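6 protein chains.
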Amino acid sequence: MVYLTRREHFNGAHRLFNPDWTEEQNDEVFGKCANKNWHGHNFDVFVTVKGEPNPDTGFIMNAHELAKIMKREIVERLDHKNFNMDVPELKGVLPSTENVVKQIWKWIAPHITTCQLHCIKLVETENIYVEYYGETS
Amino acid sequence: MVYLTRREHFNGAHRLFNPDWTEEQNDEVFGKCANKNWHGHNFDVFVTVKGEPNPDTGFIMNAHELAKIMKREIVERLDHKNFNMDVPELKGVLPSTENVVKQIWKWIAPHITTCQLHCIKLVETENIYVEYYGETS
Amino acid sequence: MVYLTRREHFNGAHRLFNPDWTEEQNDEVFGKCANKNWHGHNFDVFVTVKGEPNPDTGFIMNAHELAKIMKREIVERLDHKNFNMDVPELKGVLPSTENVVKQIWKWIAPHITTCQLHCIKLVETENIYVEYYGETS
Amino acid sequence: MVYLTRREHFNGAHRLFNPDWTEEQNDEVFGKCANKNWHGHNFDVFVTVKGEPNPDTGFIMNAHELAKIMKREIVERLDHKNFNMDVPELKGVLPSTENVVKQIWKWIAPHITTCQLHCIKLVETENIYVEYYGETS
Amino acid sequence: MVYLTRREHFNGAHRLFNPDWTEEQNDEVFGKCANKNWHGHNFDVFVTVKGEPNPDTGFIMNAHELAKIMKREIVERLDHKNFNMDVPELKGVLPSTENVVKQIWKWIAPHITTCQLHCIKLVETENIYVEYYGETS
Amino acid sequence: MVYLTRREHFNGAHRLFNPDWTEEQNDEVFGKCANKNWHGHNFDVFVTVKGEPNPDTGFIMNAHELAKIMKREIVERLDHKNFNMDVPELKGVLPSTENVVKQIWKWIAPHITTCQLHCIKLVETENIYVEYYGETS
Numbered sequence: 001m002v003y004l005t006r007r008e009h010f011n012g013a014h015r016l017f018n019p020d021w022t023e024e025q026n027d028e029v030f031g032k033c034a035n036k037n038w039h040g041h042n043f044d045v046f047v048t049v050k051g052e053p054n055p056d057t058g059f060i061m062n063a064h065e066l067a068k069i070m071k072r073e074i075v076e077r078l079d080h081k082n083f084n085m086d087v088p089e090l091k092g093v094l095p096s097t098e099n100v101v102k103q104i105w106k107w108i109a110p111h112i113t114t115c116q117l118h119c120i121k122l123v124e125t126e127n128i129y130v131e132y133y134g135e136t137s
Numbered sequence: 001m002v003y004l005t006r007r008e009h010f011n012g013a014h015r016l017f018n019p020d021w022t023e024e025q026n027d028e029v030f031g032k033c034a035n036k037n038w039h040g041h042n043f044d045v046f047v048t049v050k051g052e053p054n055p056d057t058g059f060i061m062n063a064h065e066l067a068k069i070m071k072r073e074i075v076e077r078l079d080h081k082n083f084n085m086d087v088p089e090l091k092g093v094l095p096s097t098e099n100v101v102k103q104i105w106k107w108i109a110p111h112i113t114t115c116q117l118h119c120i121k122l123v124e125t126e127n128i129y130v131e132y133y134g135e136t137s
Numbered sequence: 001m002v003y004l005t006r007r008e009h010f011n012g013a014h015r016l017f018n019p020d021w022t023e024e025q026n027d028e029v030f031g032k033c034a035n036k037n038w039h040g041h042n043f044d045v046f047v048t049v050k051g052e053p054n055p056d057t058g059f060i061m062n063a064h065e066l067a068k069i070m071k072r073e074i075v076e077r078l079d080h081k082n083f084n085m086d087v088p089e090l091k092g093v094l095p096s097t098e099n100v101v102k103q104i105w106k107w108i109a110p111h112i113t114t115c116q117l118h119c120i121k122l123v124e125t126e127n128i129y130v131e132y133y134g135e136t137s
Numbered sequence: 001m002v003y004l005t006r007r008e009h010f011n012g013a014h015r016l017f018n019p020d021w022t023e024e025q026n027d028e029v030f031g032k033c034a035n036k037n038w039h040g041h042n043f044d045v046f047v048t049v050k051g052e053p054n055p056d057t058g059f060i061m062n063a064h065e066l067a068k069i070m071k072r073e074i075v076e077r078l079d080h081k082n083f084n085m086d087v088p089e090l091k092g093v094l095p096s097t098e099n100v101v102k103q104i105w106k107w108i109a110p111h112i113t114t115c116q117l118h119c120i121k122l123v124e125t126e127n128i129y130v131e132y133y134g135e136t137s
Numbered sequence: 001m002v003y004l005t006r007r008e009h010f011n012g013a014h015r016l017f018n019p020d021w022t023e024e025q026n027d028e029v030f031g032k033c034a035n036k037n038w039h040g041h042n043f044d045v046f047v048t049v050k051g052e053p054n055p056d057t058g059f060i061m062n063a064h065e066l067a068k069i070m071k072r073e074i075v076e077r078l079d080h081k082n083f084n085m086d087v088p089e090l091k092g093v094l095p096s097t098e099n100v101v102k103q104i105w106k107w108i109a110p111h112i113t114t115c116q117l118h119c120i121k122l123v124e125t126e127n128i129y130v131e132y133y134g135e136t137s
Numbered sequence: 001m002v003y004l005t006r007r008e009h010f011n012g013a014h015r016l017f018n019p020d021w022t023e024e025q026n027d028e029v030f031g032k033c034a035n036k037n038w039h040g041h042n043f044d045v046f047v048t049v050k051g052e053p054n055p056d057t058g059f060i061m062n063a064h065e066l067a068k069i070m071k072r073e074i075v076e077r078l079d080h081k082n083f084n085m086d087v088p089e090l091k092g093v094l095p096s097t098e099n100v101v102k103q104i105w106k107w108i109a110p111h112i113t114t115c116q117l118h119c120i121k122l123v124e125t126e127n128i129y130v131e132y133y134g135e136t137s
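Protein chains in written order, with the working numbering: chain A, 1 to 137; chain B, 1 to 137; chain C, 1 to 137; chain D, 1 to 137; chain E, 1 to 137; chain F, 1 to 137.
Where hints are given, some of them may not hold.
Given that identical chains are not distinguished, each listed pair holds provided it fits within a single copy or across any two copies.
Stated by the list, open to error - Okay, derived cross-link-like pairs now, DSBU-like style, lysine-lysine, Cα gap no bigger than 30 Å in a straight line:
| no. | residue 1 | residue 2 |
| --- | --- | --- |
| 1 | K121 | K71 |
| 2 | K68 | K36 |
| 3 | K32 | K102 |
| 4 | K102 | K71 |
| 5 | K91 | K106 |
| 6 | K68 | K32 |
| 7 | K32 | K121 |
| 8 | K36 | K102 |
| 9 | K106 | K68 |
| 10 | K91 | K102 |
| 11 | K91 | K71 |
| 12 | K91 | K36 |
Think of the hints as simulated: they come from the structure by calculation, not from any bench.
Bear in mind the structure is a predicted one, so any value in this text is a computation, not a measurement.
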């Protein structure tokens with residue numbers, strides 16, 4: 001089995017705050033990330049699929065096809081968006097990097113049909129990233 | 001003369017739109033950057049100073065001192081902020097990267113007293129950055 | 001004056017050899033770069049323009065417009081191409097990184113009309129790059 | 001068990017096409033990668049070995065020894081080469097990154113004798129890479 | 001389960017040599033790393049934890065809390081230090097990157113209480129890094 | 001004129017302290033950099049030369065030749081060395097990055113004969129670097 005990874009980029013704004021908490025509780029837990037006027041990041045997203053190379057193409061999956069799926073399912077939904085306000089699937093969810101990566105898995109998984117989805121990695125800054133391997137991991 | 005450069009980071013949200021224009025004009029010029037719910041970036045800022053190394057220290061300027069100035073004058077003002085709403089000096093200014101870099105020069109210049117401020121570089125994404133060398137350049 | 005830089009990528013194959021020389025001379029000067037079956041690189045190209053930000057937009061030049069020019073004038077001509085065989089403007093020229101960067105300047109310069117073209121930087125590997133500032137530099 | 005990874009570089013030219021297909025089929029599947037005059041990349045290759053540190057040296061394996069093996073077994077065979085024409089072990093194989101990484105495993109595995117070969121990672125561009133953990137993974 | 005990774009930096013000096021060996025044996029095995037006047041590196045350390053995001057915060061673990069632990073347990077102990085002389089826990093141990101990563105695990109593990117410590121990665125140069133997953137891996 | 005830049009690496013140990021000062025003065029100015037047991041860094045050094053491409057080779061200067069000069073004049077002198085103790089030309093000099101870059105210029109300049117030496121850039125960490133353009137800049 002060989003693992004193939006493709007990277008795409010997007011940037012967005014978000015705010016971390018729990019509406020059931022006081023402002024003080026939000027400040028204590030989320031610090032500057034709770035700023036009510038939003039802040040944002042450049043995100044790198046890496047999708048890894050795994051499988052056996054097809055003898056006719058040498059590919060596990062055509063990387064251009066994977067790029068198209070990532071652009072349509074991730075970039076078009078999140079790029080230059082406000083994760084709290086502009087993304088229906090994130091309504092009512094704290095848009096932490098952890099929760100966003102799980103939602104990205106749900107968007108991508110149905111479209112990986114000729115090999116297996118292995119991992120989604122979401123890089124928030126050069127110092128912080130999260131990885132998700134699906135429900136069964 | 002030797003040039004010394006120090007990097008710091010911050011992230012913020014902004015929106016590019018001209019209030020004197022129609023929504024269509026804003027969309028045509030600014031595209032996704034005009035999204036009314038904001039978007040954001042991780043920014044890297046590089047400050048370059050120049051001078052002769054001091055024989056007692058070997059330094060043009062103590063890099064820890066430069067870091068302190070950058071944290072106080074740039075990071076505390078812009079980090080996790082909305083450039084359109086949270087930054088008094090940018091009120092009424094289109095917060096393009098070009099205009100932000102010129103404002104950063106104004107904040108930094110008065111504090112570089114033992115050598116010369118040479119350049120401010122502001123990196124918006126891995127594909128776009130701006131540089132400013134002051135009025136006389 | 002503010003300087004704005006935009007990056008694009010392409011990859012291609014080339015071979016460095018001087019047809020007026022013997023194989024030995026070519027090997028001595030160009031080493032592995034003279035391999036008759038070609039070799040290749042991922043190239044990063046950075047275009048820098050300079051000017052005053054337009055008060056209506058905050059831009060020296062719209063970075064999306066600059067990206068379009070770079071894709072049309074550089075990427076479409078060089079990406080996944082053989083620089084010795086597939087690029088009419090490089091016919092009869094040794095496709096060294098130095099000569100390619102000068103050709104890129106010729107392609108880009110006529111399309112920078114609202115501000116000034118300042119520099120083209122072409123990165124061949126993480127260890128080697130060239131920069132060109134035009135005829136007058 | 002500790003995992004040790006060493007990186008080396010090489011660059012080469014290749015072409016992706018299936019000789020049993022028409023030109024149209026090749027274009028449809030491989031796009032620009034089928035260009036008959038070749039294209040190329042800078043590749044980064046990472047070899048990961050695992051084991052217990054030797055109490056006399058603190059090493060799983062001497063990283064300088066690993067570098068020597070990688071230079072001899074990978075770099076000398078692939079650097080500045082045409083993967084379709086210059087590499088006997090890739091003759092008749094589609095030189096996709098997936099197939100090249102499997103061949104690199106075959107070259108490296110016999111020389112890792114004092115600890116275990118764990119993974120080969122081959123980075124084709126900043127946006128695409130593959131990983132291989134051997135037959136049993 | 002989601003995996004969260006945080007990076008911190010430090011730099012230090014060390015020397016690799018085995019006091020039970022002759023100078024010749026040390027030179028043969030450790031080469032320039034045995035230089036009796038020390039050498040040093042900039043290190044990047046990545047700590048990965050895993051768990052289920054807390055529904056109240058969206059976090060596996062607050063990344064700011066993880067940063068605080070890493071600064072206190074790793075950076076304060078190793079930054080601008082001589083690993084052979086200044087670090088009590090490394091006395092009598094060959095301060096190879098492999099042995100340092102295992103010591104870092106011992107410092108960090110007791111402080112990860114609300115989720116699980118998964119991996120410590122220690123990057124010595126852009127070409128060499130080690131990873132450790134604990135005793136049970 | 002075209003500018004060509006080549007990168008090389010080395011790592012070393014140093015200590016910043018002024019022997020004419022008290023320990024307190026040294027601590028105040030140099031902080032952790034004054035640690036008497038040394039600390040170290042991975043350094044990247046970039047040498048930039050400028051000139052007109054030679055019509056026979058397409059080169060300003062053969063990058064392999066430049067690499068050889070850099071390895072002999074910089075890497076062999078500084079790699080895995082203690083800058084305070086092992087480098088005769090730095091004896092009695094505070095081995096700040098500023099002073100080291102000026103010394104590197106002196107080593108390199110005599111060997112750039114067919115084009116002009118333009119700049120030496122020395123990167124100490126991902127956050128700090130210095131540049132030197134020679135006496136006349």
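Hint check:
Taking the shortest Cα distances, K121 and K71 sit within 30 Å of each other both inside one copy (15 Å) and across copies (24 Å). Proximity of K68 and K36 under a CA criterion of 30 Å is satisfied inter-copy only: 25 Å between copies versus 34 Å inside one chain copy. For the identical chains of this complex, K32 and K102 are neighbours both inside a copy (24 Å) and across copies (25 Å), given an alpha-carbon limit of 30 Å. Proximity of K102 to K71 under the C-alpha cut-off of 30 Å is found in both arrangements, the shortest distances being 17 Å within a copy and 29 Å between copies.
Taking identical chains as interchangeable, the C-alpha atoms of K91 and K106 lie at most 30 Å apart only when both belong to the same chain, with a minimum of 15 Å there against 40 Å between chains. Taking CA atoms no more than 30 Å apart as the test, K68 paired with K32 passes between copies only; the shortest distance there is 16 Å, against 35 Å inside one copy. Proximity of K32 and K121 under a CA criterion of 30 Å is satisfied in both settings, with 24 Å inside one chain copy and 24 Å between copies. Taking CA atoms no more than 30 Å apart as the test, K36 paired with K102 passes in both settings, with 24 Å inside one copy and 26 Å between copies.
Taking identical chains as interchangeable, the C-alpha atoms of K106 and K68 lie at most 30 Å apart only when both belong to the same chain, with a minimum of 16 Å there against 33 Å between chains. Taking the closest pair of Cα atoms, K91 and K102 come within 30 Å of each other only inside a single copy of the chain (14 Å); across copies the shortest separation is 37 Å, beyond that limit. Proximity of K91 to K71 under the C-alpha cut-off of 30 Å is restricted to the intra-copy arrangement: shortest distance 21 Å within a copy versus 35 Å between copies. Taking the closest pair of Cα atoms, K91 and K36 come within 30 Å of each other both inside a single copy (17 Å) and across two copies (17 Å).
Every hint, counting from the list given before, is met by this structure.
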